[in-house]
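Chains as they are written, first to last, in the working numbering: chain S, 2 to 114; chain H, 394 to 507.
It is worth saying that the hints were derived from the structure and are not from the lab. Don't take every hint at face value.
Said to hold, decoys possible - Calculated lysine-lysine pairs in the DSS-like style (CA-CA distance at most 30 Å, straight line):
(1) S:Lys10 / S:Lys41
(2) H:Lys451 / H:Lys462
(3) S:Lys10 / H:Lys462
(4) S:Lys20 / S:Lys37
(5) S:Lys53 / H:Lys451
(6) H:Lys442 / S:Lys42
(7) H:Lys462 / S:Lys53
(8) S:Lys10 / S:Lys37
(9) S:Lys42 / H:Lys451
(10) S:Lys10 / S:Lys45
(11) S:Lys37 / H:Lys494
(12) S:Lys20 / H:Lys494
(13) S:Lys10 / H:Lys494
(14) S:Lys68 / H:Lys462
(15) H:Lys494 / S:Lys68
(16) S:Lys20 / S:Lys45
(17) S:Lys45 / H:Lys462
(18) S:Lys10 / S:Lys23
(19) H:Lys494 / S:Lys42
(20) H:Lys462 / S:Lys42
(21) H:Lys462 / S:Lys72
(22) S:Lys45 / H:Lys494
(23) S:Lys53 / S:Lys23
(24) H:Lys442 / S:Lys72
(25) S:Lys53 / S:Lys37
(26) S:Lys41 / H:Lys451
(27) S:Lys68 / S:Lys23
(28) S:Lys42 / S:Lys68
(29) S:Lys42 / S:Lys72
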Amino acid sequence: DTAVSQTPKYLVTQMGNDKSIKCEQNLGHDTMYWYKQDSKKFLKIMFSYNNKELIINETVPNRFSPKSPDKAHLNLHINSLELGDSAVYFCASSPLGSGETQYFGPGTRLLVL
Amino acid sequence: AQSVTQLDSQVPVFEEAPVELRCNYSSSVSVYLFWYVQYPNQGLQLLLKYLSGSTLVKGINGFEAEFNKSQTSFHLRKPSVHISDTAEYFCAVSHTGTASKLTFGTGTRLQVTL
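With the rest of the complex left out, here is chain S:
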């Protein structure tokens, strides 16, 4: 069974569209994250939720809106997509705590044309 899964795996869309990426974890973790990996492989945290509550919200355009319907799911909705949003988006989960191991999903490769 996949521990952290993301859908879709690939997403190609036009500028200005709205799209969503879904993430689910079956590890029983309390905390989930969204990371963005750019074309130079640099990874940066975007958001983190603990038990459906937002605990980390980095400097991200407000076109990006995370939603956590329950502690096993964390979705990312992106409005008015821009060329610069092209990247790989990773979901991760962990128990709460800064020393805990984070488990990453396989990534969603977003290409905005």
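Given the structure of chain S, go ahead and fit chain H onto it with the hints provided.
Positioned in the frame of chain S, the structure of chain H alone reads:
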């Protein structure tokens, strides 16, 4: 604020040779340190981490790292690499608080050849 520096963007090495991937960090408070590996077209997985105690940490796949507080370093080593170790390696740091925020370095591409 915390930051992580990985000085080498690429490290080419022959199979069965030893390798060291360098990582330095900067933080005004105590930190936890991590090494993650990313194989092509996959997510990241943990190699090893330092929380406290012995400064020499052993991880999966024969990797180890040494925490050096005076030099603010956490270099990753393997005595003999395999072709299958070809991947991107990320050093990361988090504060010893409750918020689980990882700050990553820019990554080192380890390229193992015959």
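Against the structure, the hints:
1. S:Lys10 / S:Lys41: holds (19 Å)
2. H:Lys451 / H:Lys462: Between H:Lys451 and H:Lys462 the Cα gap is close to 17 Å, so the pair holds against 30 Å.
3. S:Lys10 / H:Lys462: violated (40 Å)
4. S:Lys20 / S:Lys37: holds (15 Å)
5. S:Lys53 / H:Lys451: Status violated; Cα separation ~34 Å.
6. H:Lys442 / S:Lys42: Between H:Lys442 and S:Lys42 the Cα gap is close to 21 Å, so the pair holds against 30 Å.
7. H:Lys462 / S:Lys53: violated (36 Å)
8. S:Lys10 / S:Lys37: Roughly 14 Å separates the two Cα atoms, so the pair holds.
9. S:Lys42 / H:Lys451: Answer holds: S:Lys42 to H:Lys451 is near 25 Å, not above 30 Å.
10. S:Lys10 / S:Lys45: Holds, at about 19 Å.
11. S:Lys37 / H:Lys494: Distance of about 14 Å is within 30 Å: holds.
12. S:Lys20 / H:Lys494: Roughly 26 Å separates the two Cα atoms, so the pair holds.
13. S:Lys10 / H:Lys494: holds (25 Å)
14. S:Lys68 / H:Lys462: violated (39 Å)
15. H:Lys494 / S:Lys68: holds (18 Å)
16. S:Lys20 / S:Lys45: holds (20 Å)
17. S:Lys45 / H:Lys462: holds (25 Å)
18. S:Lys10 / S:Lys23: holds (10 Å)
19. H:Lys494 / S:Lys42: Distance of about 18 Å is within 30 Å: holds.
20. H:Lys462 / S:Lys42: holds (27 Å)
21. H:Lys462 / S:Lys72: violated (36 Å)
22. S:Lys45 / H:Lys494: Between S:Lys45 and H:Lys494 the Cα gap is close to 10 Å, so the pair holds against 30 Å.
23. S:Lys53 / S:Lys23: holds (15 Å)
24. H:Lys442 / S:Lys72: holds (25 Å)
25. S:Lys53 / S:Lys37: Holds, at about 20 Å.
26. S:Lys41 / H:Lys451: Roughly 29 Å between the alpha carbons, so the hint for S:Lys41 and H:Lys451 holds.
27. S:Lys68 / S:Lys23: holds (10 Å)
28. S:Lys42 / S:Lys68: holds (25 Å)
29. S:Lys42 / S:Lys72: At roughly 28 Å apart (the allowed maximum being 30 Å), S:Lys72 and S:Lys42 satisfy the hint.
Violated hints, in rising order: 3, 5, 7, 14, 21; the structure is consistent with all others.
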